[in-house]
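> As given, the protein sequences belong to chains C and F, one line each in that order. The opening position of the first sequence corresponds to residue 2 in the working numbering, with each subsequent residue numbered one higher. The opening position of the second sequence corresponds to residue 2 in the working numbering, with each subsequent residue numbered one higher.
Since the hints were derived computationally from the structure, they do not count as laboratory data. Mixed in with the good hints, there may be bad ones.
Because identical chains share one entry, a pair is satisfied inside a single copy or across any pair of copies.
[Said to hold, decoys possible] Result set (EDC-like, lysine to aspartate or glutamate): computed pairs, CA atoms no more than 16 Å apart in a straight line:
1) Lys28 - Asp169
2) Lys5 - Glu126
3) Lys29 - Glu17
4) Lys193 - Asp209
5) Lys28 - Glu197
6) Lys42 - Glu75
7) Lys234 - Glu62
Here is what each chain is made of, one letter per residue.
2 protein chains.
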Amino acid sequence: MQGKLYGIGVGPGDPELLTLKAVRILKKIDYLCYPISQPGKPSIALEIAAGAVKKNWCVAELYLPMTRDDSVLEGHWQEAALKISDILRSGQDCAFITLGDPSLYSTFVYLVRKLKVILAELEVEIVPGISSPNILAAQAQVSLAEGEESFLIIPGISDLDKIGQALDSFDNIIFLKVGRTFSEIYPILQEKGLEEKAVFGERCGFSDEYLSFNLQDVAQRQRDYLSLLFVKKGGFK
Amino acid sequence: MQGKLYGIGVGPGDPELLTLKAVRILKKIDYLCYPISQPGKPSIALEIAAGAVKKNWCVAELYLPMTRDDSVLEGHWQEAALKISDILRSGQDCAFITLGDPSLYSTFVYLVRKLKVILAELEVEIVPGISSPNILAAQAQVSLAEGEESFLIIPGISDLDKIGQALDSFDNIIFLKVGRTFSEIYPILQEKGLEEKAVFGERCGFSDEYLSFNLQDVAQRQRDYLSLLFVKKGGFK
Chain C
2 MQGKLYGIGV GPGDPELLTL KAVRILKKID YLCYPISQPG KPSIALEIAA GAVKKNWCVA
62 ELYLPMTRDD SVLEGHWQEA ALKISDILRS GQDCAFITLG DPSLYSTFVY LVRKLKVILA
122 ELEVEIVPGI SSPNILAAQA QVSLAEGEES FLIIPGISDL DKIGQALDSF DNIIFLKVGR
182 TFSEIYPILQ EKGLEEKAVF GERCGFSDEY LSFNLQDVAQ RQRDYLSLLF VKKGGFK
Chain F
2 MQGKLYGIGV GPGDPELLTL KAVRILKKID YLCYPISQPG KPSIALEIAA GAVKKNWCVA
62 ELYLPMTRDD SVLEGHWQEA ALKISDILRS GQDCAFITLG DPSLYSTFVY LVRKLKVILA
122 ELEVEIVPGI SSPNILAAQA QVSLAEGEES FLIIPGISDL DKIGQALDSF DNIIFLKVGR
182 TFSEIYPILQ EKGLEEKAVF GERCGFSDEY LSFNLQDVAQ RQRDYLSLLF VKKGGFK
């Protein structure tokens, strides 16, 4: 009988932010698949999972480089899906772990799409995880949205028109992965008089997290890939 | 010494979706505050927490009615904040539990604002929880957003212009609490040819959860307050 695939969100960094369900399944399954962004580089998702559950899993490392070039990614997703399908065909259940939540900007959805083509039947269970916006809000002690407010998540790599439109139209806006694009977004915030209505977070939930309400300080530092910027147009109360 | 206030997200319904951190703190603290929407009605947040942790907490029930009338709410928040401040002043730590996440459409932020006025110093720690959009996505096995897509959360009670604008401008839109307003939103989706690019979820994460990709079915049923509608403009792959 073919194994079952679990897509498990391990949350934003702190192993204590795994859910009871994620922990139960990680203890139960023998086979763990995790993504790495560079060969030889440790998997962040694996470090978080191993921080919460001690187990000698059989592992499959899936090399999924951080590139926006779909033609390159296609091949890596396909290779990863083949590795997972081999495990499932052998009758073993298997968990794919992902930083944050499997449904929000995660590689998991691409893998499932590829697997559905490879395997005639595929049993999947998804375990949600805490997303980076939620941990940023918790650590900065701000509300992401309240009452009738809207809340928009957009990648920091969006074009500048889209960013301007988002800031004009919605109450609360979070930009994901702004490490590189912060220097383009910051002037737009200044122009719109929003630079004091924002908070920047980097590696929120990790032991080396950095949080700042002072965007001038943020502009002057080296910024990590795992960083986000939250703009609350009504200001922080 | 004054006690510390924890704002704990108990997630979307399933006690297994509490985080390890939420469970650790709920086991440790002696005083638990929880909201009820009607006198005599059980607290959903308490039922979830008690499903994960067995403990005889000292409890403070906070009556926070579901109304959009701020003048009515103000008094209830103030009363709730006074109850919490009494506990903290007695030197006891205290946890306020909330459905989902404390930073996303939760009463917790209002309570903290009131408490900051009452108490000269206030020590707060927020523990994020899984939000309803994430459990809807997990259960329906759809992605909320991927790649460079945008993701917007808006309350179902937003005005129709705002709803139309959201559907025109963004890739993925989730409407919260659409129990009553579904009948107004559904015709807009039909008009825009989006009725087959949507999934409706009710009480996701609870044992009586209901999910449907067929909005005609949804239109014909009695809908719960805890319901959401996710529209994926690119369609589900």
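> None of the hints should be skipped; say for each whether it holds.
Evaluation of the provided hints:
1. Lys28 - Asp169: Neither: 47 Å inside a copy, 44 Å across copies.
2. Lys5 - Glu126: Classified as within; 8 Å inside a copy, 37 Å across copies.
3. Lys29 - Glu17: between (18 Å within a copy, 15 Å between copies)
4. Lys193 - Asp209: neither (31 Å within a copy, 46 Å between copies)
5. Lys28 - Glu197: neither (45 Å within a copy, 38 Å between copies)
6. Lys42 - Glu75: neither (21 Å within a copy, 52 Å between copies)
7. Lys234 - Glu62: neither (42 Å within a copy, 33 Å between copies)
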